[in-house]
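Participant: These are the residues of each chain, in order.
2 protein chains.
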Amino acid sequence: MLEQYKNKRVLITGGMGMIGSSIAHRLVELGAEVRIVDARIKPYGANDFNIKDVKEKINLYQADIRDKEKMTPLVEWSEIIFNLAGQVSHNDSIKNPFLDTEINYIGHLNVLEIAKKVNPLIKILYSGTRMQYGKVEKIPVAEDHPQRPLSPYALNKSAAENLYLFYHRIYRIPVVIFRITNPYGPRGQVKHHKYCIVNWFTRLAIENKGITIFGDGSQVRDYLFIDNLTDAFVKAGIEPAADGEVFNLGSGEGTTFKEMAKTIVDIAGSGSITHVPWPDHYINVETGDFVADISKIKKIIDWKPEISLKEGIRRTVEFYRKYMKFYL
Amino acid sequence: MLEQYKNKRVLITGGMGMIGSSIAHRLVELGAEVRIVDARIKPYGANDFNIKDVKEKINLYQADIRDKEKMTPLVEWSEIIFNLAGQVSHNDSIKNPFLDTEINYIGHLNVLEIAKKVNPLIKILYSGTRMQYGKVEKIPVAEDHPQRPLSPYALNKSAAENLYLFYHRIYRIPVVIFRITNPYGPRGQVKHHKYCIVNWFTRLAIENKGITIFGDGSQVRDYLFIDNLTDAFVKAGIEPAADGEVFNLGSGEGTTFKEMAKTIVDIAGSGSITHVPWPDHYINVETGDFVADISKIKKIIDWKPEISLKEGIRRTVEFYRKYMKFYL
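For the protein sequence lines, the chains are A and B, in the order given.
Residues in the first sequence are numbered consecutively from 1, following my numbering.
Residues in the second sequence are numbered consecutively from 1001, following my numbering.
Only chain A is shown next, with the shape it has when bound in the complex (with noise of 0.2 angstroms):
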């Protein structure tokens, strides 16, 4: 089925950060003629690093999807687009809600309105958060679940689903809609602990540093390792079934915070753990324990989570012993 890709156009908005990157490397596998946007702005995950390997076989363009004129020919020429690109940090979207609006809102908005314009056709997936449900009521967490964001960025990755939905509704784009768990792995930032946490603790781990947890670190979270996560886009993005529809994705198993890091300690075989009070501020952003209910997006799409937590740890660890001096 996924020789379907074979010459296939596909655009990938945040083509550099580290979800961009891991489908971008998938398609070029696959025989896509794969174009990348990027902005490039600071302080979000687009790395140079990440597109060594495949910068000659890919098109690289620096624009922001906000970017009318420049996002136009894009989406015209595109047959798929991987709409990733995004403001990626929940408390910096509290500091600044209207950024965040700009780009995850009315960026995603400008994508759309040119694809109803020049490309209608065209399929187009949306990469949204957990983080839009809130706190929750139980776990699993089904993609039904109330929707009560926490945070301007979870708000208007909510506003932006529906915008998705509505182009889908009236317009008929063919669209499909993720709410990613944690995802971690290859590739994501390291850099600080504002997202990406699993990465950061391996960072801490491997150069033998103090990881601190909140609390007694006993809440339960879903990490996603990326190559699972890539797999069900890349599936997803030449599925029919899928178009209109919202999936929770997620690797579908809870672990604890403190398991998470002393798997990674574990694997480094360096870095250790010590707990701290949770901070005030936090309280308010703090969803209860999280699990992915993905029983959905297993039955639409023919796709479940490889790789498991140990594995992909490891495979985390490995990478950034090889590469850390690119992200840091």
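Worth double-checking, as some hints may not be accurate.
Stated by the list, open to error - Here are the simulated DSSO-like cross-link-like pairs (lysine-lysine), alpha carbons at most 30 angstroms apart as the crow flies:
| id | chain 1 | residue 1 | chain 2 | residue 2 |
| --- | --- | --- | --- | --- |
| 1 | A | Lys-296 | B | Lys-1135 |
| 2 | B | Lys-1042 | A | Lys-116 |
| 3 | B | Lys-1068 | A | Lys-42 |
| 4 | A | Lys-135 | B | Lys-1117 |
| 5 | B | Lys-1194 | A | Lys-68 |
| 6 | A | Lys-194 | B | Lys-1117 |
| 7 | A | Lys-116 | B | Lys-1135 |
| 8 | A | Lys-135 | B | Lys-1296 |
| 9 | A | Lys-95 | B | Lys-1070 |
| 10 | B | Lys-1068 | A | Lys-95 |
| 11 | A | Lys-95 | B | Lys-1116 |
Hints in this document: simulated from the structure, not taken from any laboratory.
Given chain A, put chain B in place with the hints provided.
Facilitator: Just chain B now, with coordinates in the frame of chain A:
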């Protein structure tokens, strides 16, 4: 209870429109200190005649809710905001979703961010729309009916509603959200048919012209007379039990389009009705029959729609017979 408005500092954005100016009249009567903000953007509802009678008793500011500098001192001054400013046309939003988003989403984000920073105890009332529901599954429509908007206007009203709920949830700003059915009455616009259809038909009838109905006119709507609407806003403004709540605001009664038109022609004693087929581009935005379930608002605030459709139309005809020239 309404005595609480005496000397209360109240800000009304979009205060020169039908809803804002009607609330202003009511609050002036109740002894509130009223400031009106209006951006006077053409072709929205601002009309000098709407505030003629209260002009000496209020303070008027020309400002856009997107304008941080102008809005900050006004938000700081207020105890209650009726935040009614907005792009008001469903159809225009389809042509320019960016402008709609700018005003109806980011404008409201701006007011909420200012409130959070300079006046977090302020109460803010917001006017959403029954259009947020999109195609109706069953009537009467309660607040938990799915929202599948059919225009950027409705989509942004939904997104902004979530914004209000977010600022309530996280920053404890007391907000009240109304999803308003089809409002009509004195001070509404009569220039075109794009919104406020009862007013438009009233004009046609008074001018003894033909009223055009798409299809057989059997589609059911919930028409809300402006004084009933005003009454609900004013009561909710001082009712703590309404804080953080979303309410349908309608008459709770279904009336066919045909019957509404006939009532206008009968009361006016002029005008005539003709039927034409539905234009193609309307099919997508037709929601099906709509009647609001208003049991929630009746239970939580001491309100019910006191004025019947017949009496409401009678007063509307009377108003425009006298004052039509100020609305042309």
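Participant: Give a verdict on every hint.
Facilitator: The hints, checked one at a time:
1. A/Lys-296 to B/Lys-1135: The hint holds at about 25 angstroms.
2. B/Lys-1042 to A/Lys-116: 27 angstroms, holds
3. B/Lys-1068 to A/Lys-42: 26 angstroms, holds
4. A/Lys-135 to B/Lys-1117: Holds, at about 24 angstroms.
5. B/Lys-1194 to A/Lys-68: At roughly 28 angstroms apart (the allowed maximum being 30 angstroms), A/Lys-68 and B/Lys-1194 satisfy the hint.
6. A/Lys-194 to B/Lys-1117: Given that 30 angstroms is the threshold and the Cα spacing comes to 23 angstroms, the pair holds.
7. A/Lys-116 to B/Lys-1135: Roughly 21 angstroms between the alpha carbons, so the hint for A/Lys-116 and B/Lys-1135 holds.
8. A/Lys-135 to B/Lys-1296: Given pair A/Lys-135, B/Lys-1296 holds - Cα atoms ~25 angstroms apart, limit 30 angstroms.
9. A/Lys-95 to B/Lys-1070: Holds, because 21 angstroms separates the two Cα atoms, which is no more than 30 angstroms.
10. B/Lys-1068 to A/Lys-95: 16 angstroms, holds
11. A/Lys-95 to B/Lys-1116: 12 angstroms, holds
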